[in-house]
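Student: As a plain string of letters, each chain reads:
Number of protein chains: 2
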Amino acid sequence: MPVNLPVPVAADLYPINGVRLGIAEAGIRKAGRKDLTVVLVDTGASVSAVFTQNRFCAAPVQVCREHLASGVGVRALLINTGNANAGTGADGVKRALATCGSIAEKLGLTAQEVLPFSTGVIMELLPVDRIEAGMADAIADAREDNWLRAAQGIMTTDTVPKAFSTRVTVGGAAVSVTGISKGAGMIRPNMATMLGFMATDACVAQTVMQQLSRELAEASFNRITVDGDTSTNDSFVVIATNKAAHNAIDSLDSADGQALKTAMLGVARSLAQAIVRDGEGATKFITVIVQGGRDTAECRQVAYSIAHSPLVKTAFFASDPNLGRILAAVGYAGIDDLDQGRIDLFLDAVHVATGGGRHPSYKEADGQRVMKQCEITVRVLLGRGDASDTVWTCDLSHDYISINADYRS
Amino acid sequence: MPVNLPVPVAADLYPINGVRLGIAEAGIRKAGRKDLTVVLVDTGASVSAVFTQNRFCAAPVQVCREHLASGVGVRALLINTGNANAGTGADGVKRALATCGSIAEKLGLTAQEVLPFSTGVIMELLPVDRIEAGMADAIADAREDNWLRAAQGIMTTDTVPKAFSTRVTVGGAAVSVTGISKGAGMIRPNMATMLGFMATDACVAQTVMQQLSRELAEASFNRITVDGDTSTNDSFVVIATNKAAHNAIDSLDSADGQALKTAMLGVARSLAQAIVRDGEGATKFITVIVQGGRDTAECRQVAYSIAHSPLVKTAFFASDPNLGRILAAVGYAGIDDLDQGRIDLFLDAVHVATGGGRHPSYKEADGQRVMKQCEITVRVLLGRGDASDTVWTCDLSHDYISINADYRS
Chain A
8 MPVNLPVPVA ADLYPINGVR LGIAEAGIRK AGRKDLTVVL VDTGASVSAV
58 FTQNRFCAAP VQVCREHLAS GVGVRALLIN TGNANAGTGA DGVKRALATC
108 GSIAEKLGLT AQEVLPFSTG VIMELLPVDR IEAGMADAIA DAREDNWLRA
158 AQGIMTTDTV PKAFSTRVTV GGAAVSVTGI SKGAGMIRPN MATMLGFMAT
208 DACVAQTVMQ QLSRELAEAS FNRITVDGDT STNDSFVVIA TNKAAHNAID
258 SLDSADGQAL KTAMLGVARS LAQAIVRDGE GATKFITVIV QGGRDTAECR
308 QVAYSIAHSP LVKTAFFASD PNLGRILAAV GYAGIDDLDQ GRIDLFLDAV
358 HVATGGGRHP SYKEADGQRV MKQCEITVRV LLGRGDASDT VWTCDLSHDY
408 ISINADYRS
Chain B
8 MPVNLPVPVA ADLYPINGVR LGIAEAGIRK AGRKDLTVVL VDTGASVSAV
58 FTQNRFCAAP VQVCREHLAS GVGVRALLIN TGNANAGTGA DGVKRALATC
108 GSIAEKLGLT AQEVLPFSTG VIMELLPVDR IEAGMADAIA DAREDNWLRA
158 AQGIMTTDTV PKAFSTRVTV GGAAVSVTGI SKGAGMIRPN MATMLGFMAT
208 DACVAQTVMQ QLSRELAEAS FNRITVDGDT STNDSFVVIA TNKAAHNAID
258 SLDSADGQAL KTAMLGVARS LAQAIVRDGE GATKFITVIV QGGRDTAECR
308 QVAYSIAHSP LVKTAFFASD PNLGRILAAV GYAGIDDLDQ GRIDLFLDAV
358 HVATGGGRHP SYKEADGQRV MKQCEITVRV LLGRGDASDT VWTCDLSHDY
408 ISINADYRS
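In order, the protein sequences belong to chains A and B.
Per the numbering used here, residue 8 is the first one in the first sequence, and the count goes up by one each step.
Per the numbering used here, residue 8 is the first one in the second sequence, and the count goes up by one each step.
If you are wondering where the hints come from, they were derived from the structure by calculation, not from laboratory data.
Don't take every hint at face value.
Given that identical chains are not distinguished, each listed pair holds provided it fits within a single copy or across any two copies.
In silico EDC-like links for lysine to aspartate or glutamate, alpha-carbon gap of 20 Å or less [what the hints assert, rightly or not]:
(1) Lys101 <-> Asp346
(2) Lys370 <-> Glu131
(3) Lys370 <-> Asp98
(4) Lys37 <-> Asp327
(5) Lys250 <-> Asp152
(6) Lys113 <-> Asp136
(7) Lys41 <-> Glu151
(8) Lys37 <-> Glu371
(9) Lys250 <-> Glu151
Keep in mind the model is a prediction, meaning the values are calculated, not measured.
Working from the sequences, and respecting the hints, build out all of it.
Tutor: As structure tokens, then:
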């Protein structure tokens, strides 16, 4: 049961002029599942992407990086579930390239104009023939108003499709932003989520696209964690189709650049938080804010230490205000000269600890009341500077174990 | 159900001349539990200890460090369960000192000759009066052949008392080594386990004691993890009573030093591994060996990345050879210039992956067979040097969640 994450309504998702999406059942791992998605992009779009920092990055990630570096432009994305094509060595790269070549041929493109994405089980060979057999159906299905079905097409252990959309005025023109994402486990993105795709019809110079995708990922997907496992396949793609009637944005610091980036960040954060809300076995959505650090990096370090602690996460699952576990996680976060005598801890508005110990006015009943909620904010003050950072996570429940013990069966 | 960890037999534990142990029921958290243990040490012993690196270290850890630094010598250890006296600020230190003062008075010692140890719930005030009330019983109970009962007296969520013993000849004299430990959750010692105590009647110069305890901890307690949560209270104490009839060891590099250290390391490793075997919810004991690294530190980093991955740990619980999860954990361990094309993975003797991909001869049935065992060795070859390191861990099961969701109830 996802935490406060309703199923999106197709009518709420703005089509993006210049982007068509189609899905098909290719029988990649199991029959009868929508497991193949294509995203067709008109010529002239600006595209950039960020990828996992996992050194065991998947074959499709390696191919994406090469194709983007070639500078020929991006005309199609090919996305499969059921097989991650990761831990597959040189053979995996050949197979990813083969699927790019096949769909390029069907679309009258070159293989380099295609970006491949795979998600699913690691260390199994990609069934190229089945993917090729499903391409025609997916291409035939491609429409501009197909974002919700594409969100469904890229789901694996997700229980809810993730899609958000917004509109903003840029350079006097109304532009749309729409995005989809997937992911529920193996989530501690270190660049992007498992898979995230966003598009806008706004006009953005290719020169600022890499900065845009990186800044969007940094403030959204790179601030979430479910289980601390950084995936081999994390990919986040941003497409600007340049169809809207306004002058192209060539600096993110301009008024138009700021307006567009703010709108896109809203969608990116919603997509990232949706992954946590639908985290495997999640029953609670936790916002961890760390303030008073010397720099953002140390605040993030402490926030992740709390967000990854199995003991903290099970206490949230149990609604048990066993909050000393949070202090312990602050203590082992790796800040060598941390002074425990300056630490404050809040649970929502409840002041739990001060000066390294229990706050004199703290009552267990107050902690208990907050812990029972399904949305909780943990706030830690380090008392050593002015920096702060925020991370979003979920609790650790019996269902996480069940889901991951049974994943392949 | 601990993994291959039988309940120790009192007759197998050698008494240590110069060390007496006694336990009592002090009703610290709940009535009817053996929750107070004293260890009385004859004059003239060499003593050293290592403690948690958690910056939120508990009040008793702070007091231990001060008392050891004073150099007056150690005559008594006072150990309570049911309350960690951590996250308790300046008041916690006062309370720890008060208990030292009380037992010192009863024993005709100074407070500085007492080391206090606490384990249990964090951020609750230590009930000094109840501990004081239990001291007389614990002192009256003190005997040299009481190691098993002391191992029982320091248990919290442990299901089996942990005690090991050995004998070795040093300088022509037969000496004994006996140790006890406790811990099952919040286990990723970064100096020592939750609590570990070892004693020998061998003669060891105080000048080499710190080196001895550090080296023993490094190769035992500092190589285990259950859940990656480094406790606020980890403490490991080594006592040499200097009662045996041989010349004192003043260098660990001497033949006698090596012989004693090897014997003590055997006990320390058994105590450390016992904590993993009795890890909360553990059904499997996993040895993670990483070889072919540039240095020990990077091997350890990769080993802990595997040992902490919730996805790897649930796959072990499920006996599911979903071994790509291990490759993913290798990839995100933080070695920036890791070449996935040089990685090999073995599960016991089964060669699972080579050159970054599935080994041509690997069959799922072989992986399945090993995964069903309750003792499994994961071996990763990094192919970039000659260093290696080993870490011991357990799986992540439904019972871990149940135990930690219900811990305080």
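Student: Reference check for the pair Lys41 and Glu151, CA-CA at most 20 Å: within, between, both, or neither?
Tutor: This pair counts as within: shortest intra-copy Cα distance 18 Å, inter-copy 70 Å.
Student: Within a copy, between copies, both or neither: where do Lys370 and Glu131 come within 20 Å Cα-Cα?
Tutor: between (53 Å within a copy, 12 Å between copies)
Student: Please sort Lys250 with Glu151 into within, between, both or neither, judging by C-alpha distance up to 20 Å.
Tutor: within (13 Å within a copy, 85 Å between copies)
Student: For Lys37 vs Asp327, is the C-alpha pair at or below 20 Å within one copy, between two copies, both, or neither?
Tutor: between (40 Å within a copy, 18 Å between copies)
Student: Classify it for me, Lys250 with Asp152: is the Cα-Cα distance of at most 20 Å met within a copy, between copies, both or neither?
Tutor: Close inside one copy (16 Å), not across copies (85 Å); limit 20 Å.
Student: How would you label the pair Lys101, Asp346 (within, between, both, or neither) given a Cα cut-off of 20 Å?
Tutor: Cα proximity of Lys101 and Asp346: across copies only (18 Å, versus 53 Å in one copy).
Student: Is it within, between, both, or neither for Lys113 and Asp136, if the alpha carbons may be no more than 20 Å apart?
Tutor: Classified as within: same-chain Cα gap 15 Å, cross-chain 82 Å, threshold 20 Å.
Student: Checking Lys370 and Asp98: alpha-carbon separation at most 20 Å within a copy, between copies, both or neither?
Tutor: between (60 Å within a copy, 18 Å between copies)
Student: Checking Lys37 and Glu371: alpha-carbon separation at most 20 Å within a copy, between copies, both or neither?
Tutor: between (49 Å within a copy, 18 Å between copies)
Comparing the model with each numbered hint stated earlier shows that all of them hold.
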